[in-house]
Amino acid sequence: MENIRYDLITALPEIILLGMAMLVLIADLFLKQSNRIAIYGLSQIALLVAAYFTFTTHAPGVGYAFTGAFVDDTMADILKLMIYLGTSLIFVYTRQYIQLRDMFRGEFYALVLFSVVGMMIMVSGQNMLTLYIGLELLSLSLYALVALDRDNARATEAAMKYFVLGALASGMLLYGMSMIYGMTGSLNLAEINHALMTAEKTHSVLILGLVFIVAGLAFKLGAVPFQMWVPDVYEGSPTAITMLISSVPKLAAFAFVIRLLAQGLQTMAVDWQQMLLIMAVLSIIIGNVTAIAQTNLKRMLAYSTISHIGFVLFGLMSASINGFASALFYIASYVLMTLAGFGIILLLSRKGFEADKLDDLKGLNQRSPWTAFLMLIVMFSMAGIPPTLGFYAKFTVLQAALQAGFLWLVVFAVLMAVIGAFYYLRVIKLMYFDEPVDHHPIQAPAEMRVVLSANAIALLFLGLMPQGLMSLCAYAIVRSLS
Amino acid sequence: MLEYFLQHILSFSIWLPIAFGVAVLFTANDNKPCVTRWLALAGSIASFLVTIPLYTHFNFADGGFQFQERFLWIASFSINYHLGADGLAVPLILLTSFTTVIVVMSAWEVIEKRVAQYMASFLIMSGLMIGVFSALDAIFYYVFWEAMLIPMFLVIGIWGGPNRVYATVKFFLYTLLGSLLMLVAFIYMYHQTGSFAITDYYQMPMPLNVQVLIFLAFFAAFAVKIPMWPVHTWLPDAHVEAPTGGSVVLAAIALKLGGYSFLRFAMPIAPDAAHYLSGFMIALSLIAIVYIALVALVQKDMKKLIAYSSISHMGFVTLGFFIFNNLGLEGAIVQMISHGFISAAMFLCVGVLYDRVHSRQIESYGGVANTMPVFAAFVVLFAMANSGLPGTSGFVGEFMVILGAIQVNFWYAFLASFTLIFGAAYTLWMVKRVFYGEVANENVAALKDLNKREFLILAILATLVLALGIYPQPLTDMTNATVNQLLSHLSHSKLPAGF
Chain A
1 MENIRYDLIT
11 ALPEIILLGM
21 AMLVLIADLF
31 LKQSNRIAIY
41 GLSQIALLVA
51 AYFTFTTHAP
61 GVGYAFTGAF
71 VDDTMADILK
81 LMIYLGTSLI
91 FVYTRQYIQL
101 RDMFRGEFYA
111 LVLFSVVGMM
121 IMVSGQNMLT
131 LYIGLELLSL
141 SLYALVALDR
151 DNARATEAAM
161 KYFVLGALAS
171 GMLLYGMSMI
181 YGMTGSLNLA
191 EINHALMTAE
201 KTHSVLILGL
211 VFIVAGLAFK
221 LGAVPFQMWV
231 PDVYEGSPTA
241 ITMLISSVPK
251 LAAFAFVIRL
261 LAQGLQTMAV
271 DWQQMLLIMA
281 VLSIIIGNVT
291 AIAQTNLKRM
301 LAYSTISHIG
311 FVLFGLMSAS
321 INGFASALFY
331 IASYVLMTLA
341 GFGIILLLSR
351 KGFEADKLDD
361 LKGLNQRSPW
371 TAFLMLIVMF
381 SMAGIPPTLG
391 FYAKFTVLQA
401 ALQAGFLWLV
411 VFAVLMAVIG
421 AFYYLRVIKL
431 MYFDEPVDHH
441 PIQAPAEMRV
451 VLSANAIALL
461 FLGLMPQGLM
471 SLCAYAIVRS
481 LS
Chain B
1001 MLEYFLQHIL
1011 SFSIWLPIAF
1021 GVAVLFTAND
1031 NKPCVTRWLA
1041 LAGSIASFLV
1051 TIPLYTHFNF
1061 ADGGFQFQER
1071 FLWIASFSIN
1081 YHLGADGLAV
1091 PLILLTSFTT
1101 VIVVMSAWEV
1111 IEKRVAQYMA
1121 SFLIMSGLMI
1131 GVFSALDAIF
1141 YYVFWEAMLI
1151 PMFLVIGIWG
1161 GPNRVYATVK
1171 FFLYTLLGSL
1181 LMLVAFIYMY
1191 HQTGSFAITD
1201 YYQMPMPLNV
1211 QVLIFLAFFA
1221 AFAVKIPMWP
1231 VHTWLPDAHV
1241 EAPTGGSVVL
1251 AAIALKLGGY
1261 SFLRFAMPIA
1271 PDAAHYLSGF
1281 MIALSLIAIV
1291 YIALVALVQK
1301 DMKKLIAYSS
1311 ISHMGFVTLG
1321 FFIFNNLGLE
1331 GAIVQMISHG
1341 FISAAMFLCV
1351 GVLYDRVHSR
1361 QIESYGGVAN
1371 TMPVFAAFVV
1381 LFAMANSGLP
1391 GTSGFVGEFM
1401 VILGAIQVNF
1411 WYAFLASFTL
1421 IFGAAYTLWM
1431 VKRVFYGEVA
1441 NENVAALKDL
1451 NKREFLILAI
1461 LATLVLALGI
1471 YPQPLTDMTN
1481 ATVNQLLSHL
1491 SHSKLPAGF
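Here the protein sequences line up with chains A and B, keeping their order.
Read left to right, the first sequence gives residues 1 to 482 (my numbering).
Read left to right, the second sequence gives residues 1001 to 1499 (my numbering).
No lab work stands behind these hints: they were computed from the structure.
Heads up, a few of these hints could be off.
[Said to hold, decoys possible] Quick list of in silico lysine to any residue cross-link-like pairs, SDA-like style, CA-CA up to 25 Å:
id	chain 1	residue 1	chain 2	residue 2
1	B	Lys1032	A	His439
2	B	Lys1032	A	Ser368
3	B	Lys1448	B	Tyr1166
4	B	Lys1170	A	Phe412
5	B	Lys1113	A	Phe373
6	B	Lys1170	A	Ile419
7	B	Lys1113	A	Ile442
8	B	Lys1170	A	His439
9	B	Lys1170	A	Ile442
10	B	Lys1113	A	Arg367
11	B	Lys1032	A	Pro369
12	A	Lys362	B	Lys1113
13	B	Lys1170	A	Ala372
14	A	Lys357	B	Ile1158
15	A	Lys357	B	Tyr1166
16	B	Lys1113	A	Arg426
17	B	Lys1032	A	Ala51
Whole structure, please, built from the sequences with the hints as guidance.
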């Protein structure tokens, strides 16, 4: 009895959020369209309550629940809080957009909350099956969200593509997991790690299992050579959903990688390091070079995401506490940048107009100097130019890779960063050096403007004072992995 | 109060112009630009006045860092907010804050479009460049070094000429590429020493192959900025397309960031590599001095001509660095300051003509001296200074470097002294074609002479050019102790024992 109580308390935030998501679905049935704003409020409250319980149940130690299938440690709590914050921002940014496109329904909020629960389970999974269930909950919610705008042919196509390729990746992941299970006799990560200490690690089934797992992870992260779905899904989905796909799930995917590779398969680091290295290099090349040729802003950001993932892999492949902490710092910075970037696209959209072409940004400095300035910060941050947060993100990852001895790879990565700077500069060029073609006034709710400004200014502020976020990330990793 | 101010004078010098820049942004209203202009002028003058005590309270006998401020900034990587200035940095800081006043004045009625953003860019840039000159922590320095690109990118791109986008993107990417390699070198040294403090790097022993790589990483960053041949090609483009203020800041200060950084980082951190590669560096410098001067000779665009002349003159600076003697080094520093005044003046003069006729081509002019006699007198003075006439500041630096070079190798000095001929040729030939002869066309006939504002700006610069040419001692007194200390540091090998 005591055990069950402990289990439930450990998973309290997940349980509460799940309950609230159900509540949203039910409440939606009884609400008229004019009162539907209550759903929005309820979803925000759900996140707030979950955040409260995550915060209050936080203990400095590591707590295992459900016979070791679920873990509550510092990294999980910090990542969950980041996920709540990111999702809350998404709700604020997307409200007007989905209202204007007839997507302002209970399903949207319920599905997003379900996906958040999925992410939380991924973050806390300590057993291969738990991790897999979390991943599927996230993925299935996202597939449905992409297709939420039923009459939009491109969105439906994107959803189909996303679903087919995503299912393929899940299959690979599951296949790899079954091989590891066959070799070690356990699904629990700690037990796998223990079993592998004595196992002969050159066994071909083990290696093959690892390859499948890494391939599945790379699919979900969107790393080259498993990146094909990223640009199409980013471009085809409604911008509100693109924003969701590209931001917070990356935090969960990071935790997924850490749980599987750094905790479960830690003893095979030499093998997965090489795989991550190749994927990191390819992602940075393909992401940066292909982004140059894009005319669609969402597609360009998709390739930019691929290159950012490459940098995250740089941190991960260092396979040290320093490397993992820097990768977490990078991904947290990335999420903040992406949210602000897509937030600005949403701000510029209006009914019947998507603002997703690069040319739609032309002359923004003359239409709205403040919005242009916010986008300027986001772009320089993505390019990694100080004094913005993006610089420290690149800096920490590069120093971790250099510490691990990858000097020439670091030199290569910075050369690629110069290529990357080119297409970010092009956005700034369009905003500042060109004349506007579109003269519609920018209309947005006040709370969106305020939050979006705070988000972008935070990139500048954290670029001047990065210590807090750095310590937080280092604390999360040190507490959970050492 | 005064005590507190003097302890934090470098912070004030950096943050005051930046604060004024941000304030100016909030006055944005192109219908009433007067508020913006006066606020910007007040900000630039206040920022200049704040830097004056750096000279008056400077201890001339001390070659080390003065006015130091230090506290922990980013604990995870022990990065410090560490400022300090020595005899090398203080003149350049003063030059920066002074040039900003000139730039703000020169933009007065000329810039009509988005005045606030223009003025703010230059004020913020001024603070950032002073940050580069006074940061003593590698990452802190790097942040200023890169951040400075952002306002310059916007200045060239928004207010520049027809081909401005190409020029400004080229400028940005060229500089970024070099800087990132420098960042890798910093991170490498951080992992060796556990610190980002420049002074720790000075003490760090390194084998020659490592030193050479580190030196080359710095070279990639600084040679682009100076710029040295053959990585100079961004400069003519950027200069030609930039608005007058942008050209002035680029020539007067941005190029000195590279020169300064060679003395602050590349040479003292990797002294053995600096000696080992000195032949290479001298060769590049001499090519810049002679070959680029010949390139300048055939230019048809006045701004391009002055841009090439800048590269040629900066060749003297790097030549002075790498002959490793007192005369050469001090001459190079004098040359940096003097070039700051002269190139600023030359670009302002082109700006005066461009504002009236909207052409930078030499062939669009002829006989301007007939319609603008006062202006012509100024231009002739600056042209003489640019070609190194004794009595002007241009002569002092070049002469010292040539004297220094003779002590090392006669042929270095022989080749370098060609510049006195070529420099005079391209500058005076341009002056002849633009200012003398018959009035070429009705545009020139309609020209009005300098207004009060333009006269004031050029008169200030002319005074400084002459003052530094006749009595350079205040400057050399300031740099003397630092130069001696640097040379003694450079003469000690940093190779680890056993090599």
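Each hint, compared with the structure:
Distance hint between lysine 1032 of chain B and histidine 439 of chain A is fulfilled; the C-alpha atoms sit about 23 Å from each other, no more than 25 Å. With a C-alpha separation of about 19 Å, the suggested pair lysine 1032 of chain B and serine 368 of chain A falls inside the 25 Å cut-off, and the hint holds. Among the hinted pairs, lysine 1448 of chain B with tyrosine 1166 of chain B is inconsistent with the structure: their alpha-carbon atoms are about 33 Å apart, more than 25 Å. Proximity of lysine 1170 of chain B to phenylalanine 412 of chain A is assessed by CA-CA distance (about 20 Å); at most 25 Å being required, the pair is judged to hold.
Proximity of lysine 1113 of chain B to phenylalanine 373 of chain A is assessed by CA-CA distance (about 17 Å); at most 25 Å being required, the pair is judged to hold. Only pairs whose Cα atoms come within 25 Å are accepted, and lysine 1170 of chain B paired with isoleucine 419 of chain A is accepted, the gap being roughly 12 Å. A C-alpha spacing of about 22 Å is found between lysine 1113 of chain B and isoleucine 442 of chain A, which places the hinted pair at or below 25 Å, so the restraint holds. For the hint linking lysine 1170 of chain B to histidine 439 of chain A, the alpha-carbon distance of about 30 Å lies beyond 25 Å, and the restraint is violated.
The suggested pairing of lysine 1170 of chain B with isoleucine 442 of chain A is violated, with an alpha-carbon distance near 32 Å, which exceeds 25 Å. Distance check on the hinted pair: lysine 1113 of chain B and arginine 367 of chain A sit about 14 Å apart at the alpha-carbon level, within 25 Å; holds. Between lysine 1032 of chain B and proline 369 of chain A the alpha-carbon distance is near 17 Å, which keeps this suggested pair within the 25 Å criterion. Taken as a hint, the lysine 362 of chain A and lysine 1113 of chain B pair is honoured in the structure, with Cα atoms around 17 Å apart against an allowance of 25 Å.
With a C-alpha separation of about 22 Å, the suggested pair lysine 1170 of chain B and alanine 372 of chain A falls inside the 25 Å cut-off, and the hint holds. About 22 Å separates the Cα atoms of lysine 357 of chain A and isoleucine 1158 of chain B, which keeps this hinted pair within 25 Å; it holds. Between lysine 357 of chain A and tyrosine 1166 of chain B, the direct Cα distance comes to roughly 22 Å. Compliance with the 25 Å bound is thereby established for this hinted pair. Between lysine 1113 of chain B and arginine 426 of chain A the CA atoms are separated by roughly 22 Å; this keeps the pair inside 25 Å, and the hint holds.
For a cut-off of 25 Å, the pair hint linking lysine 1032 of chain B to alanine 51 of chain A is broken: about 49 Å separates their Cα positions.
Violated hints, listed in ascending order, are 3, 8, 9, 17; each of the other numbered hints is respected by the structure.
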